[in-house]
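Kindly produce the complete structure, drawing on both the sequences and the hints.
With our numbering applied, the sequence shown corresponds to residues -10 to 229, in that order.
Just so you know, these hints were derived from the structure itself, not from any lab. Don't take each hint at face value.
[What the hints assert, rightly or not] Across the chosen pairs, the derived CB separations fall in these ranges:
no.: 1; residue 1: Asn163; residue 2: Thr98; range: 16 to 26 Å
no.: 2; residue 1: Phe197; residue 2: Met101; range: 42 to 52 Å
no.: 3; residue 1: Gln203; residue 2: Gly84; range: 53 to 63 Å
no.: 4; residue 1: Arg210; residue 2: Phe91; range: 44 to 54 Å
Owing to the predicted nature of the structure, the values given are computational and were not obtained by experimental measurement. Think of the CB as a built atom: it goes at the ideal place given N, C-alpha and C, for glycine as much as any other residue.
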Amino acid sequence: MRTIDRVGYIIGGLLLLSGLGHLVVLLVTGGTWMGPLSMRKPMTFGLSFGLTVGAAVWATSFLRIQQGLRTFLLVVFYAASVVEVALITMQAWRGRPSHFNFETPFDSTISMTLAGGGFVLIAVTIAFTVAAFRTVQTRTMQLALRFGFAALLVALAVGAVMIATGVTAVRTGNAELAYTTAGALKPAHAVPMHAILIMPGLAWLLGFTRWPEQTQVLLMRIAAAGYGLLIAGTIVYFAL
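Written out as structure tokens, the structure is:
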């Protein structure tokens, strides 16, 4: 295993542990699961980013991409992910909202850093998505990689929309609308996020079967169509 991969799995594991730790805090303290000050936020971000970092390491190992470029992109992805989770966790323990909070210069810096980190993740994911569409693998894995990275890009784009609409609402003096709007978009952000783990994982499992390639490809196409409909339906229902 390459060092960059080992580091990624360690970081992903630590982020997962952070999320699980905050789940324990919620259960032990009986804290609220709702609102921008809830420990639910560092919990969900820790779990989500932990899974995403681990999935990105594994999925990118199948891509046809120069190792130096892959290493650079993964380092940027790791750094942005750690910063996102760390800042959200810090703000939760400070009792301050992490997003859309411009009450003090420090809080403003945190909010804008989180927004900037999201756009860094989008840039890296675009690069990986381009590589996925240039990659020659088994037909099932090829489809899984392309779908997974494209779906991750959709998830991050929805996240960018959440940030943009929330910041606009706050700047116009309606902070409550910012959190309401962002909250409504959470399912549309979450559903496509983990296709990068689910779809390549399915392709990998299909590779252990004795089914002919045509059957495996058909099953992967059905899974992609179903997942795509789920993503589209979630976005239409919650975002429009």
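### Query
What are the numbers of the hints the structure violates, in ascending order?
none
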